[in-house]
Amino acid sequence: MKARDTLILVAVVLVAWQLLYWAVGSIAFRSPAETVRSAAVLLADPRFMPHVRESMLAFAEAFAIAVLIGLSIGVTLGASRLASEVAEPILVALYSIPKVTLYPVILLVFGIGMPAKVAFGAIHGIVPISIFALNAIRNINPVYLRTGQVLRLSPWAAARKILIPAALPEIVTGIRAGFCLTLIGTLLGEMFGAQRGLGHLLMQAMTRHNMDSIMALTLLLVVFAATVNGLLLALDHRLHRRV
Amino acid sequence: MSPVGGDAPVHVTLRGITRVYPAQAAQPPVHALGPIDLDLRQGEFFAVVGPSGCGKSTLLDVIAGLAVASAGDARFEGQAIDGSVPDGIGVVFQEDSSFPWLTVHDNIAFGLRELGRPADVVQAKVKYALDFMGLADFAQAYPAQLSGGMRQRVCIARTLVLEPRLILLDEPFGALDQQTRLLMGDELLRLWRETGATILLITHALDEATMLADRVGVMSARPGRFLEIVTTGWPRERDSTIVADPRFGGLTSRIWTLLRGESLRALGHTGVRR
Amino acid sequence: MKRVTLLRILVILGAIGLLEGLIHAGIVPRFTIIPPSEMASALAAILASGKLKVDIAVTLTNVAVAIVASMAAGVTIGTVLQRAAALRRILDPLFATYYAIPMYAFYPLLIVVFGLGDVPQICIGFLLAVMAVIINTLNGLDRVPRVLLKAARMHRMSALRTALRIRLPYAAPYIFTGFKLAVAYSFIGVIGAEFITSSRGIGYEISFAYNNFDNRLMYGLILFVLALVLTVNMSLHAWEKRLMMRRQR
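Chains as they are written, first to last, in the numbering used here: chain A, 1 to 243; chain B, 1 to 274; chain C, 1 to 249.
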């Protein structure tokens, strides 16, 4: 049932894409078939893989930093009622600012290259991860904690057996949101301040009006993001069903 | 002394009303209700009691035109009820159905404005309903600022302004505490006397049914049928102090005797799951 | 004022003061970040000179167009989808994956298709914003209690009137959440797109100032964007709170 729906969706997207191609024409657009072909050419090109590796490395570092810092902020603030009430609107406001405007600051601080990309990716992910973690901890039903006290659990046992399982589903939702945003942030970082990576390639293709590359890179990025998001979403659903 | 003489015209007629839920996937069809035969007389206060799951709310939905019977004939003022709410019927639900985005005043005015009544008519009727239900001081409040009992008053007032000739109440006080229920019962009796409407009340509280109604229909476990219809014989002028009447206890225990076996059966059917 | 609000303001002022102090103490070098006080005076100078009036107007107009378009499209699509269960089930994976798609990756395409005018920037803002509106509209409409729909039938309302007078009013607070996100995403999308490639707008001017090592101009504009977005965000938050006061049970 679910598999069939997904297949229908993919078919719908492909048909819409093809129709759009016929409407827009070949100067500024490519058909699905042409795009898949250029993507295959790109993947077979030995000069392409180093860029992928570079992007993946930057993204992995950024994501690790975002999760680490995001969870630390969220869990620390979420544990205190006052702190979470003071901080949450600030975090939500930070989420709403166009982070791209901060990019020059990042470049001035870190210089062009890997650290800037990583930092820029990470700042995209930290905020949503910390917001979700904060709410996950704050919204734990107090009855659970009181039950832990009644059972005379040690603080460590209470954290391990009650706090973490109760907060985990929301934390995973936050990590999923953080994943997507960190990926977008890292790519965005590569589009300006980098000499390598997929974002750099995309920017290059754009300045050269290389439609084949633009379409192929966009397709590869979307497929990658959608696949990993799908996996995280499945985990997310599993955890939420349990509660 | 009997409030509704046998000569009052018949207001609602039910003949062989049955409701069967069709088979689903692996489950056989469920026979939820009936067959039910019933005549409600104009201006009568009729209460229905029955074990949980016996289909009493379904019965109300059929009369309201909110659900269609699988078989049988339902008529209101001689017209067949065919799945849309007939003109002249008002319904009050168990769940709070006040609109949280409107003030008390605008909640009550809602139906009249839907009918496109002129503003001065709306004003006058809403003011009357606000006074009648003791809501005048809360006209500009939002439902969220009121207690559960007050919100239910808003829902009753919203129905009342449309001047329904038949009022259907589906456990309207089910979510309220005991004292509030008694007071709301008095309100309902007053409303019934002053409007002259026919009332059908679904309730699970035996004392409520005995205290309010002219006749109490006692339903069996699923599929719900009337086991017996008990006539209370109260005067039209009555209120909650009637619970002190020596006949009150007798009537209530009689209804409970009828219901007890059915309630046990209902528990065996649908009650405690493994 | 409430204690929490006061504390929040203190935290924000403290952060600004800390940055100011670190720069004056020379711990953070001046060519990296200029002190907040200088950012403010730079911004005042920019606004007084009026030379960026056009850019500011362009950006704000494009953001407004993106907000209005995404609200109109999002609420309509959400309302239709809520009634079309089969279509919704098929599209569901797309909704869940939507924000994983790097929307800026489509920007080159949009430029090629629409040219270098305002449309590509508006499109990015719209694309980011519209899904938040759809999702929140659906969420609100899904929560309409059955008893309110029964009440609608009791008042013998048509499907359209039920939607306009019962379903949408009930869903309004959820749609407002969508609106708040639409505002934020429209700013993010439009200014981000201007930053990548465009010939005018605030995002473009920031990138231009950066490339010309004009730190005062750059930080003045960054401050402008931050102050603008935060003010809009906080006002919407306050407005929402006021609306919700009546609805909270």
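Worth flagging that the hints you see were computed from the coordinates, not collected in a lab. Here the structure is a predicted model, which means the values were calculated and not measured. There could be a bad hint or two in this list.
As the list claims (entries may be wrong) - Cut-off 20 Å, straight-line C-alpha distance, at most; resulting in silico cross-link-like pairs (EDC-like, lysine to aspartate or glutamate): (1) C:Lys150 <-> B:Asp87; (2) B:Lys125 <-> B:Glu171; (3) C:Lys150 <-> B:Asp39; (4) C:Lys241 <-> A:Glu88; (5) C:Lys180 <-> A:Glu34; (6) C:Lys150 <-> B:Glu237; (7) C:Lys150 <-> B:Glu187; (8) C:Lys150 <-> B:Asp137; (9) C:Lys150 <-> B:Asp82; (10) C:Lys51 <-> B:Glu163; (11) B:Lys127 <-> B:Asp137; (12) C:Lys150 <-> B:Asp96; (13) C:Lys241 <-> A:Glu61; (14) C:Lys150 <-> B:Glu114; (15) C:Lys2 <-> A:Glu61.
Claimed, not checked - Now the stretches of chain A that chain C is said to cover, found in silico as 3 or more residues with beta-carbon under 8 Å: (16) 61–69; (17) 196–210.
Stated by the list, open to error - Now the in silico label distances, taken between C-beta atoms and shown as ranges: (18) C:Gly117 <-> A:Val223: 56 to 66 Å; (19) A:Gly25 <-> C:Ser199: 43 to 53 Å; (20) B:Ala8 <-> A:Asp5: 13 to 23 Å; (21) C:Ser235 <-> A:Gly230: 16 to 26 Å; (22) A:Arg208 <-> C:Gly117: 44 to 54 Å; (23) B:Leu183 <-> A:Leu145: 46 to 56 Å; (24) C:His24 <-> A:Trp17: 49 to 59 Å; (25) A:Ala3 <-> C:Ala85: 46 to 56 Å; (26) C:Met244 <-> B:Leu183: 23 to 33 Å.
Beta carbons are placed, not taken as given, at the ideal position from N, Cα and C, and that holds for glycine.
Results of checking the hints against the structure:
1. C:Lys150 <-> B:Asp87: holds, 15 Å
2. B:Lys125 <-> B:Glu171: violated, 26 Å
3. C:Lys150 <-> B:Asp39: With Cα atoms ~25 Å apart, C:Lys150 and B:Asp39 exceed 20 Å; violated.
4. C:Lys241 <-> A:Glu88: holds, 14 Å
5. C:Lys180 <-> A:Glu34: Given that 20 Å is the threshold and the Cα spacing comes to 39 Å, the pair is violated.
6. C:Lys150 <-> B:Glu237: Distance of about 33 Å is beyond 20 Å: violated.
7. C:Lys150 <-> B:Glu187: Not satisfied, since the Cα-Cα distance of roughly 24 Å exceeds 20 Å.
8. C:Lys150 <-> B:Asp137: Status violated; Cα separation ~28 Å.
9. C:Lys150 <-> B:Asp82: OK: C:Lys150 and B:Asp82 at ~16 Å, within 20 Å.
10. C:Lys51 <-> B:Glu163: violated, 67 Å
11. B:Lys127 <-> B:Asp137: holds, 11 Å
12. C:Lys150 <-> B:Asp96: Between C:Lys150 and B:Asp96 the Cα gap is close to 12 Å, so the pair holds against 20 Å.
13. C:Lys241 <-> A:Glu61: violated, 38 Å
14. C:Lys150 <-> B:Glu114: Distance of about 15 Å is within 20 Å: holds.
15. C:Lys2 <-> A:Glu61: Since the Cα atoms of C:Lys2 and A:Glu61 sit roughly 41 Å apart, the hinted pair is violated (cutoff 20 Å).
16. 61–69: Not satisfied, violated; 0 residues make the cut.
17. 196–210: holds (count 5)
18. C:Gly117 <-> A:Val223: 56 to 66 Å: violated, 30 Å
19. A:Gly25 <-> C:Ser199: 43 to 53 Å: Because 25 Å falls outside the window, the suggested range is violated.
20. B:Ala8 <-> A:Asp5: 13 to 23 Å: violated, 59 Å
21. C:Ser235 <-> A:Gly230: 16 to 26 Å: violated, 37 Å
22. A:Arg208 <-> C:Gly117: 44 to 54 Å: violated, 21 Å
23. B:Leu183 <-> A:Leu145: 46 to 56 Å: Violated: the Cβ-Cβ distance is about 40 Å, outside 46 to 56 Å.
24. C:His24 <-> A:Trp17: 49 to 59 Å: holds, 56 Å
25. A:Ala3 <-> C:Ala85: 46 to 56 Å: violated, 19 Å
26. C:Met244 <-> B:Leu183: 23 to 33 Å: holds, 31 Å
In summary, the numbered hints that this structure violates are 2, 3, 5, 6, 7, 8, 10, 13, 15, 16, 18, 19, 20, 21, 22, 23, 25.
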